[in-house]
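Colleague: With the hints as constraints, model all of the structure from the sequences given.
The lines below spell out each chain.
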Amino acid sequence: MDDRIKKIKLTDRGVEFLRQVEEISGEAITVCEQCGTCSGGCPFVEEMDITPSQIMRKVMLGQEEVLHSRTMWICASCFTCTVRCPRKLDVSKVAEALRQIRLREAIDAIDISKLPKEEVDRMPTIALVSACRKLTG
Amino acid sequence: MKIGVYLCQCGGNISNTVDLEAIQKHIEGGDEIAVVRQESHLCSGAGQKAIIEDIGAFGLDRVVIASCSPQFHEKTFRGALSRAGLNPYMLEIANFREHCSWAHKDNPEAATIKATDLLDASVGKVRHNVPLEEKMMKLGDDVLVIGGGIAGIQTALDLADSGKNVTLVEKQPTIGGNMTILTKTFPTEDCASCILSPKMAEVQGHKRINLIVDGEIESIKGHRLHFEAKIKHKPRYISPEINMDECIGCAQCEEACPVSAPNHWEQGVVKRKAIFIPAPHAIPYKYIIDKEICLHDSEGCTACFDVCPQKAMVFDQEPEYSNVAVDAVVVATGYDIFDAREKPVFGYGEFENVVNGLEMERIVDHINEKNPPRDVGKRVAFIQCVGSRDEQVGREYCSRVCCMYSTKLASLLKQARPETDIYIFYTDLRAFGKGFEEYYKRAQKMGIKFIRGKPAEFKEDPKTKMVTVLVEDTLSRDIIEAEFDLVVLAAGLTPSKSTEKIAEQLKLAVSDDGFLKEAHPKYRPVDTLVEGVFLAGTVQGPKDIPDTVAQGSAAAGRVIATLAKGEFAVDPMLAFVHDDKCTACGECYEVCPVNAIAENSDGKAEIKETLCVGCGACLGACSEEAIDLNGFTNIQLYSAVEAALAGKKPGEKRALVFGDSNCTYRVADAAGVRKMKYANDNRVLMVPSSCRVTPNLVAFAFAKGADIVLIGDCPEKGNKFEWAHDFAKKYIEQAKQILADKGIETDRIIFDDFTASNLPKFVNTLNSISEQMKKLPNIDPGKRAELNPLEK
Amino acid sequence: MKRIPYYPGCTLKTSAKNLENSAIASAKALGIEMVEIPDWVCCGVVASLTSDDLMRHIAPVRNMLRVEQMCKRGEIEDSRLLTLCSMCFNTLQRSNFRMRENPEDLESINNIMYLEAGDYGGTTEVVHLLQILDEMGFEKITEKITNPLKGLKVASYYGCMLTRPKDIGIDTPENPTIMERFTEAIGSEPIDWQAHSLCCGSYHTVNNIEIVVKLAYEIIKNAKNHGAEAIITSCPLCAFNLDDRQKDIAEKYIDFEPMPVLYFTQLMAIALGLGEEVCGFDQNYTDPRPLLRKKGLLK
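Protein chains in written order, with our numbering: chain U, 1 to 137; chain W, 1 to 792; chain Z, 1 to 299.
Misleading hints may appear alongside valid ones.
Computed cross-link-like contacts, DMTMM-like style, restricted to lysine to aspartate or glutamate with a CA-CA straight-line distance of at most 20 Å [said to hold, decoys possible]:
no.	chain 1	residue 1	chain 2	residue 2
1	U	Lys88	W	Glu342
2	Z	Lys214	W	Glu481
3	W	Lys465	Z	Glu218
4	Z	Lys144	Z	Asp134
5	W	Lys221	W	Asp142
6	Z	Lys166	W	Asp527
7	W	Lys286	W	Glu318
The set of hints was computed from the structure by calculation and includes no laboratory data.
Modeller: Okay, structure coming up:
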């Protein structure tokens, strides 16, 4: 894995990506002041590869590579960030927008058929329904 | 009656579009018209000279000028009248330029017709003008300063040194305010009390300062440089005759007292007894009993009294009241620190080792004592932006001083306890002032670590009581989960609790962030929109000590400049009462929003001129039309309306617009200046405010030919008369009822607000009114006649 | 008997039948008849967080329309929709607010649902059972208690969906007290703890079980550290993650001790003296009966 630092460019495509995410999420991502409250309080941050506030920054800079990060799939929409952001940004909506951009390309994040039967049998309906809603297109 | 009419050509600006010849012919020979003249530039020396000479030659007793908008030369022409020996208020101006020749440049015929109507209206009005006297109010040297913190102290000293008589009212038992709670100050690390005490002593000793502690403003009335305040003197429960020369300072009372409570001047870090002296440098240096914890009333405890050699305690002392009349007021009621219990995630008030900034000031102040009341442990965290820059608690603003005060506390702590590991968690480090950046670097050099991240939540270890902080370092993208012995919340400044009450009492505007609003944020930072009331210090917004002291002196300077005139002219366009019409029904006493109407010794209504602001709201409440408004009397406006509509020909439609002088009339002017095109079937008459427009006046307008009546005002927010919209809407409802009773469409009466920042709204409104009128049926002349209130 | 429309949702008829049964029985004892709305569909969980996906609001709106239809037919007077499952509550309420703030969206949805009798007018109010009980006054529950749960220390677990986001929450997210007041009203002792709103892991239980195990372990440990003997919840997914997943937690953490997880309605039913028949304790993974018997609250 090439972990050397890569310089990034600011492009029109990047600006369009930002606009797309802002439109789907309905949030003004440029308002984010990068205070880090969302990351600090996120119960799932230790499973992520980049922090929620980092996602906000990368989206603002038009870095489409965030679509390949694990972070928005780990997000469980628990809304802890939503109720704490000092600028009243809804970070959970940004995560949803990023998931949707991928899912709308008909790329599912979960395949129910591959789950072990004993597990599926144990689960309450709500678990399967919500997982499919969130993680499939 | 001899009326002089002057038509200004305005160098062609008017005469190129409006046919002044025709208008001169129209007006010449009218009743009591003594002379009609056209001039190239009436505002010039020559123009004014012509008017002055005519006044002498023809014995004119009133003048009508058709020219540009009154906002430009009303003062000029009033001055000319004065120089001619005529009362300056025997003048009316018809707006031929902005409302006619410029607004309807493309339609000279219509412009001329409109101008004719406006001139007729002015002539109709001037017939009923009466001489008005500008009363001169003498200005004294008395000033009330509310709040005895550093801002109030600085203001009081500057004012007293310049010869003013200052009454300084402070609600706490000592002056000094929040600054007495601080340890050292940034960036010099000077001791706060050392700077403050000499000034406090000076205040106490100054012969021109009447210092009232334990004082609250019970009520305050007035405006326009004359205020009357009732001050409540809260009891200290110590005999007022005992001064500290007699009190031998034996402190036996304190020792004997059985109950303790947290000391406000120590932010609870240290306790004090029920009988106590607030702070070591309190001024006045005198005991006070805290009745809330004192056991005298509930258990008959007299422990302090028993041991006092002077028997100084008076347990049943009652509050006293005094009155003071002043010429100016300075509000310096300061700040309270944000109550961090509003952020439960930080555990303030619950976790043992979480404190706020002011508490830390006391902790650091005591840290070098042999047994400090509270120590700090090995690892300390400061958290910035608590209760500021946080929309979740409704405080979007930056509190300006917290970055620096945390840096200071960290620096002092590090010097006292070098082995402490100190972290400051910030979102943006604001070190903007003189010496601030250098101070910040020195702090960093000491090893204080500044981490860019705002913690999301804290946990308290139930056994060790250490606080675990969870925060992202946004610069390294590490998520830190670390334990601290002490966490300091750099809580922001919020307006003090007493500020809301004072703002209500003085009718002061409040900014969106809750602090008191200055008259203009850029060039009038210590004035308010209430004449004679000034602001100083953190009551206007968060700021540090140098800025507070600067504002204190600034407010004093503004007071001195304002009072230097010695006297000021009261606007004569205030309300008055026709005694013969007044039935003493008392309806108006309740109506006046500034309580300017009261019953006089004859039982009739009387206007208190020092309080009246000339809005005209009372007129609509008087069923007898006994209350009237100088400059805009009932008869003046009826005459103007009738004349403005008299030129309407059959088949034509007219909209009568009552435009308030602050906004709507000026917006109409601005539209004319920009030559914006709009319908010419409207006539704009000036009123001081929309609330002057009585239901009768509206009905009269319809009676005399109006098809639509538009009433315009400034928007509600920031309106000079904050009650105007409420009154206007009420009177309009009544007017609509009058129309409805006659089966006339009530949407012919329109109320809207206009501002100079939205000229298209004005233009579009008049255009759509013109369209609306074309669609509306004609009002039957018989019905119109029935609407006339003067025929009832 | 106060009649109120009731929305069960998918899980309450299957894995969470114990929640439904204990709720219906307790409500009845308190004078509330929960009338299941006819022809209901999936609530639409999880609430759509995008601004451009109107389709995901059809299901919730359809359910809320059912209430209006019932009222119109004169079958019921109360126009509120009672939910038990926190996730249903959250999803339905968020859609409801969205429709009220965006009438054009509601119009589009009504047009899509043209086969329905009538349009949704936005008059349904979505409520959670706890809100109904609070409105009634928790003291009224105390009056009807025959078997107060004295000595039982209970941790109220809110999870995410009841209090977040702020505009739909039944209480404040950082310092909620409604479940604690309920706990007191039924005679038990609410404990003060910190993980009351820490997410249980939600749908990660489907294919990211380690995440759920980690969070559930933390939640239960925090409850235990503050003296809790049982945890109550209102969400079948939280119940699964905190209760059923204790099997997986025990496999990973050797120091783990089981903790009964109940629905708040199950405790309410016991306190009202309705007996374990309506509680369905067999569906609880960690059997709460030994604890309840030990406290003398069960025969």
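Colleague: Which numbered conditions among the earlier hints are violated in the structure presented, ordered from lowest to highest?
Modeller: Per hint list: single violation, 6.
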